[in-house]
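Line by line, the protein sequences are chains A and B.
For what it's worth, our numbering labels the leading residue of the first sequence as 1, then goes sequentially.
For what it's worth, our numbering labels the leading residue of the second sequence as 1, then goes sequentially.
Within a straight-line C-alpha distance of at most 16 Å, the following computed EDC-like cross-link-like pairs (lysine to aspartate or glutamate) qualify:
1) Lys214/A - Glu109/B
2) Lys134/B - Glu94/B
3) Lys214/A - Glu74/B
4) Lys7/B - Asp20/B
5) Lys7/B - Asp66/B
6) Lys7/B - Asp56/B
Quick look at which bits of chain A chain B covers, simulated, 3 or more residues with Cβ under 8 Å:
7) 197-205
8) 222-234
It should be emphasised that the hints constitute simulated quantities derived from the structure, not laboratory data.
Even for Gly, the Cβ is constructed at its ideal location relative to N, Cα and C.
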Amino acid sequence: MPEALSAAQPASFQAKSRRLTRGEALVGLMLNLPAGIAYFLMLLLPSLATILLAFTDYELGALEWGWIGIANFEEMLEDRGFAIALRNTVIYVGLVTPLSILLGLGAALLIEAGMRGRALFRAVFFLPVVSLTVAMAAAWQYLLHPTIGPLNAFLRLLGVTSPPFWLSSSDWVLLSLGAIGVWENVGYNMVLFLAGLSAIPRELYQAAEVDGTKTWLDRFRLVTWPMLGPTTLFVLTITMIRSIRVFDTVAVLTQGGPNKASEVLLHTMYKEGFTFLRLGYSAAITLVFLLMVLGLVWLQTKALDKRVHYG
Amino acid sequence: MQGLSIKSISRHFGAVRALDNVSLDVAAGEFVALVGPSGCGKSTLMRIVAGIETADAGSLSIGSRDVTALRAAERNVAMVFQNYALYPHLTVSENIAVPLAMRRLSAVERFPLFGRVMPGLAQKRAAIAIDVLKAAQSLGLDALLDRKPGQLSGGQRQRVALARAIVRHPDAFLMDEPLSNLDAALRVQTRREIVEIHRRVGAATLYVTHDQSEALTMADRVAVMQAGQILQVSSPEAIYHDPQDIRVATFIGSPRINLIPAEADAAGHVHIAGRPSGLHAAPGPVTIAIRPENLRLASSGMPCVADGFEFLGESLLLHARHTASDEALVVRLLPDMPRPHAGEAIQLTFEAKHALLFDQNGKRVALRNHPAHSQELTLA
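Based on the sequences and whatever the hints tell you, model everything.
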């Protein structure tokens, strides 16, 4: 009986179950080596180094350093600057994510419904995504300048006697940065939503019409919104990750000021690491940041993925 | 109650005439199949009836209402789509309930949170649930009510689409190639079920298909469409045996009807390849069309050459070539008949009553043979 079984097995299966000769194993290993080295050097090693650094008091250029366990994380809990940065980052994400998703969806729906000028509007909304944020920040600095900026000139024209100092008032700075963040993200989200919209079968809209939907809102709720589910989940995830990483506008426009009112996580990490040269502490912040991002992604895929993929 | 009445509908796409002055009536309770090759405009016509697409000219009434200017939602028609068009995020029962919810509940009542506190809503929802259950039961879907369409087989999805269509007792029932995505065995079975449902529901039904066997087996009347025009509307028997246009004759029937060029002289004698055939018609060139089952081998007839055979089980197809005109001919024979060899010279004949004559424009012309002399052919 065993003979009959092995005879029935296809030739490829037999070849696979055969032990590799030593030469073959060596060749296989050699062929894997370049990719393995690149993977180790570029992905694994830096991550590992960051994790290790987070538990040291290493300072850039220092000759000696020591293991300090979780002292960096303990310091973080006490650190008022870190708490402010964390709070500001959460506010920034909470501001930019819903606004840029809603506006992106709105723009996509309008462009999709429009007859003419689709390519033009797509390009216009997508422009901030392809332009360099640091360069565009200079333009924003001019636009939002308290005295010579066009925005305040316009407000004064409307009769506002003392328009806000957008980037230098601690009440307004986070809102201003948030607005720039929305401006940056809307185009990206819009393009994703456009792709999602074009994948909805036309037949569903026709069925909805025959089934008695009378208004645009009916069709949106019956077809568009549920069918966009997977797209929306992806856009939500990507927008949160993009906005939690906010750095360049802060670094160029406010450096976290005034009085830490626009201090955010990545900027704190950058300052600790490259201004105060405290690489150990900076690595600890990075680790916390990474865990936050991973947590968000995990939560979204676990909690929402089941609800947006049907069948 | 009136059924469905299409009057002089035209539709152009740019320079292309998709529909050219099309008129068609479907009586209440009648099942009309609209059949034609792809691109003939049959789907466009159905979508205009549904209200998904608009006509350039013409009018439309459904159940004694003029609906030409009404939107799809207000026409009270139900439609089954080729790909079923079920809402993938809703369960089977929610899918079936959509047309009822859209009609019986106000916008506020349908809103997820507000709805809960509206007075009388619970009763309305319960009534909808009962109707949904009835429709589902009549299609054997009771066990699947909580599934999503993605978890169903093609045949089950098709039933859900049917249930969604019948649940609200529409004035007209439209079906756009509903069987084309099913496998062959299921298609034949579902064919009968759809006819059964139609009997029960009793609404005027317009059924679009490119498959002539569906049209012939299911419909009370068949409308054959080509190039944006309806060529003939008749019972399946009349469409097959009594086509009024050569395009109908060639489209319906498989294998295709045989065409033999001929000419009627001034006295009305029809000649095939210069020899009198014994048929009589008005003078001028004609085409004689004969179904494969009406041609037979004979000791004297039209000289042909046998080409080969196709064995179909219940019959045998003999492929032959008409020597005089070089037209390919197909003859349906009984399978146990003696078969001529390929390349052998044979003679084919037919009875006068089976000959369909068409003029140069493809219109049917009357055969002037006296019925009593139907056998008097002189094909040899």
